Structure formats: structure tokens, C-alpha cells
Amino acid sequence: MHELSIAMSILDRVLEESRARGDARVEAVYLRIGPLSGVDVEALRFAFEVACEESQLSGCRLEITEVPISLECPSCRSEKQAVSIQQLCCSDCGTPSPEIVHGRELELRAVELVE
Amino acid sequence: MNRPRLVEVRENILKQNDLLARSLRTRFHEAGVLVVSFVSSPGSGKTTLLEKLLARASEKFRIAALVGDLATENDAARLMRAAPQVKQITTGTVCHLDAHMVELALANWELNKLDLLFIENVGNLVCPSSYDLGEDLRFVLLSATEGEDKPLKYPTIFNTSDVAIITKMDLAAAAEFDVELAHRNIQSVRPGMRVFELSAKTGKGIDELSSFIQSQRLVSQSATAV
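Just so you know, the sequences run in chain order A and B.
FYI, this note's numbering numbers position 53 of the first sequence as 53, with every residue one higher than the one before it.
Heads up, this note's numbering is the position in the second sequence plus 1000, with the first residue counted as 1.
These aren't lab readings, by the way, just hints derived from the structure by calculation.
Watch out, some of these pointers could steer you wrong.
As the list claims (entries may be wrong) - Sample of chain A residues facing chain B (criterion: CB under 8 Å; computed from the structure):
hint, residue
1, E17
2, S37
3, D92
4, G94
5, P96
6, E112
Stated by the list, open to error - In silico lysine-lysine, DSBU-like type, Cα no more than 35 Å apart, as pairs:
hint, chain 1, residue 1, chain 2, residue 2
7, B, K1204, B, K1087
8, A, K80, B, K1015
9, B, K1153, A, K80
10, B, K1060, B, K1201
11, B, K1204, B, K1153
None of these values were measured; they are calculated from a predicted model.
The beta-carbon is built from N, C-alpha and C at its ideal position, and this holds for glycine as well.
Just chain A, same shape as in the assembly (with noise of 0.2 Å):
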């Protein structure tokens, strides 16, 4: 369960902003996670409520957009989606690849701010 300081870390990065704008109130929290991220999206949903509590956070949207996992396809060369988590093969010729484009992502993107 490293959801939960990992929430800390993005409490403590958003924060930065608002204070930055006078302690302009936070109205969303804007995230892009990958599955090969290593967190899991609904238990970094719970770790953000609690971390936000008492925080002026707290009833703060989290928009999460999940990133789905993309490779560089040797036989296609081109990006294409991988099958699966567990099936990291390319989805329209099922070449096998490791290089990885997307779904590792882990990224604080945006900040909605009420100044």
C-alpha cells in the first residue's frame, strides 16, 4: 500500500501551487497513470481522500485518466496497443516487444485552481 504516500506526494506538490497563487483553492487534481505504473488507480482514489482530509484539499476533485499501455512494434514499426498487462505482444500482429511508449506513466498533469 504505497498509494498512500504517494498521495502525500501529490498533496504536498499541489499545494505548492496554490500557494504559490496566493492559496488559490484547489478545485481538481488532473492525474495520468499507466498499469505498469505499479499503482493501483482505486487505491490511490481512497489514499488521496485521506491524505486530503483536513487539507485544503479536502473535497478537491481527482480526475485520473488511465493510460492505456503502447509498444514500439518491431514488425509494424510503428506505436501500436499491447494486448495486455500479463500479454505484451502487439495487438494486430502479436510480435512480442519490450519497448515500451506508454503505460508507465505516473504524472501529475494538471492543477484546477480557483485564485
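Please arrange chain B on chain A, whose structure you already have, making use of the hints.
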């Protein structure tokens, strides 16, 4: 009332850890020490394998180990019989090591007096996958008694590791462990992954792994020289 405004951040949430890991990696390279970390579920044989590797490698190399656990210093006490420089990191309730814990543990160490550093992570196949420790290579262990489908159940840790090691091969027949299927599952979650099979108890396969680590040391040295 002012309207909400979207402020772009576009930053990795674990940026602090990643920056610290990068600076550790630079320090390791400058000191000429190859760093290998070990991850697995609890009881897969990390400490037993490390005991054997330390004993083998300490004939030729200056070698040290960091061991992570939630509590107790038992593992460090075990490893200290095989190598002089061993430090336990007790994480309390934290389920993984991070770059900051590694940096603190190394505070008084003279890295340029080392050739090899092994880092044993907390027994956990989930949380350690998100944290770069500045290591050159990450080894993931899977014991024959755990079942062939561990890679499919924990794909991320296999994906973030460089090498897979199937341990307790002496028990494979008794556990009806399908080694071919285990290999297929590993390749499915991490195509092209290098896999070793061994038994720390009988010693079978330890030589091959030791030679591999040694060869990686030469690779990293020549990379640093360039």
C-alpha cells in the same frame, strides 16, 4: 467570483525520488561500484541467495549489502557472516525501499572502496516496482514453490526488473512446478528477459549467476571509461 483556471504541471509524481536515484547512480558509476537490487515476495529466498553470492564474490571483490525489512535486523546478521559490510534498513511500516533510504544508509560509506553493492528490497512484489533506487540492475526472484503464474499476477515488478531468477529449483519436482510455463509467463510480461534457474541450497546455478554479475561489472566499467 473568479472562474477556475487550469494550471499545467506535467510532472512525474515521484520526481523527487527519481532525481535522487539519478544522482545516486552517478555517484555509483563515479566510484566504480556495480549495484544490483533484489526484489521478490517474502520467503522466495533473497537472503539465502545473497549469502551464497556474497560468499562467492567476496573472494574476488570488495562487496557490501544493504537489506530492507519492515522490522528486525535478522537478515543483516545472517549476511554479515558472508561479508563484512552489511547494513540493515528497517522501514517500520513502509512496504518498499526508496532512493532516500538508500542515500541515508550509505551516508558514512566510502563507495570508492567497493566493487559491488547488493540491495535487498523489502519482500513485496507490488510497491518496490514504483521506486528507482539508482541500481544498475534489478533482479526479481520467483521460487519454484510459489507457482508458475506469479509473473502474470505481478506483471509490473517483472517489467521493471532486468533479470528474473527462479529459485528453489531443488524443490521444483516436489512442488510440480512447470518450469517451461514459468519461462513462457516471464517472456509474456517482459519479452526478451534474461532468466536464471538455481538452487541456493544445492549451489546449482550459482556459478552462472555469479559470472553474469561479474560480466556486468566489466560492462559497466567500460561504459564509465567511455
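Cut-off 8 Å, beta-carbon criterion: hint that A/S37 touches chain B:
With a closest approach of 6 Å, the A/S37 hint holds.
* Could you grab the alpha-carbon distance between B/K1060 and B/K1201 and see if it respects the 35 Å cut-off? => holds, 22 Å
Go through the hint on A/E17 and say holds or violated, using the shortest Cβ distance to chain B against 8 Å.
Constraint on A/E17 satisfied, holds at 6 Å.
* Is the shortest C-beta separation between A/G94 and chain B less than 8 Å? -> With Cβ-Cβ at 12 Å, over 8 Å, it is violated.
Fill in: Status of the hint placing A/E112 at chain B (closest C-beta pair under 8 Å)
holds, 5 Å
- prompt: Can the restraint linking B/K1204 and B/K1153 be considered satisfied, given a maximum Cα separation of 35 Å?
  reply: Holds, at about 27 Å.
Margin query: Let's test the interface hint: is any C-beta of chain B closer than 8 Å to that of A/P96?
Written below: holds, 4 Å
**Prompt:** Regarding the pair A/K80 and B/K1015, is the alpha-carbon distance no greater than 35 Å?
**Reply:** holds, 27 Å
**OP:** Go through the hint on A/D92 and say holds or violated, using the shortest Cβ distance to chain B against 8 Å.
**Re:** Hint on A/D92: violated, closest Cβ of chain B at ~16 Å, above 8 Å.
(Q) Against the 35 Å threshold, does the CA-CA distance of B/K1204 and B/K1087 hold or violate the hint? (A) Roughly 28 Å between the alpha carbons, so the hint for B/K1204 and B/K1087 holds.
With the threshold set at 35 Å, check whether the alpha-carbon distance from B/K1153 to A/K80 stays at or below it. holds, 23 Å
Consistency with the previously given hints fails for numbers 3, 4, ordered from lowest to highest.
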